[in-house]
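Protein chains in written order, with our numbering: chain D, 1 to 119; chain F, 1 to 119.
Calculated directly from the structure, the hints in this document are not laboratory data.
Any given hint could turn out to be false.
Which copy is meant is left open, because identical chains are indistinguishable; a pair holds if it fits in one copy or across any two.
[As the list claims (entries may be wrong)] Straight-line Cα separation of at most 30 angstroms, DSSO-like style, residue types lysine-lysine; simulated pairs:
id, residue 1, residue 2
1, K9, K113
2, K65, K9
3, K113, K92
2 protein chains.
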Amino acid sequence: MNVVNLQQKFSLFSDHWHPRIIGELNGQLVKIAKIQGEFIWHSHANEDELFMVIEGQMWIDFRDKTVALNPGELIVVPGGVEHRPRTEGEVKIMLFEPASTLHTGEVEHELTKNDQKLI
Amino acid sequence: MNVVNLQQKFSLFSDHWHPRIIGELNGQLVKIAKIQGEFIWHSHANEDELFMVIEGQMWIDFRDKTVALNPGELIVVPGGVEHRPRTEGEVKIMLFEPASTLHTGEVEHELTKNDQKLI
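Bound-form chain D, shown alone:
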């Protein structure tokens, strides 16, 4: 039962679009990621996903709108909703999702990462 410092955890890696697990509770995982550029369109059939921006600005494209997220802002993307995260510079985000969630959703892609251990 340890205190997790987000910036210390971000300092442990530098690659983009590769979420790391920093906590788990009730079958859910808390993850962080550095992201930059445009991700792929995807959805998670039955799993809601929370995005929170820690540093930088990101956009999430939906099929019918785009939202901007700044530090201290979050959004819950319901299961089944197609979305595409996108940034200009590097952005630090926190994610909250079920342990079963693959970040590329239904899409098997070279970007797919599936770490199962805490950093």
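Position chain F against the provided structure of chain D, taking the given hints into account.
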């Protein structure tokens, strides 16, 4: 599916030890609270609880140790573990926990709040 700004949500209330719901996903709730002073000792039998500090500094007493949490830091308190949140000044925190969690845990107390709607 809206963007939630934490500071805007914090501006909607001023009472202490009264968590408000700002999001829900996969049967879990995202809550925020303003806290000040000492809460009661309590535990949640089967529910893990995440505390993250947004502003200020808090301590969480456990029976065998005390941890300090600063902005950008979080901790997961496993189900069954007795804990007591404590601050000096006002502190803004974010919580993740199952929808079934009462913040005073097994203890029925005048501080017990049980809001079930999003603000």
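A quick look at each hint next to the structure:
no.: 1; hint: K9 x K113; verdict: within (18 angstroms within a copy, 33 angstroms between copies)
no.: 2; hint: K65 x K9; verdict: between (32 angstroms within a copy, 23 angstroms between copies)
no.: 3; hint: K113 x K92; verdict: within (17 angstroms within a copy, 33 angstroms between copies)
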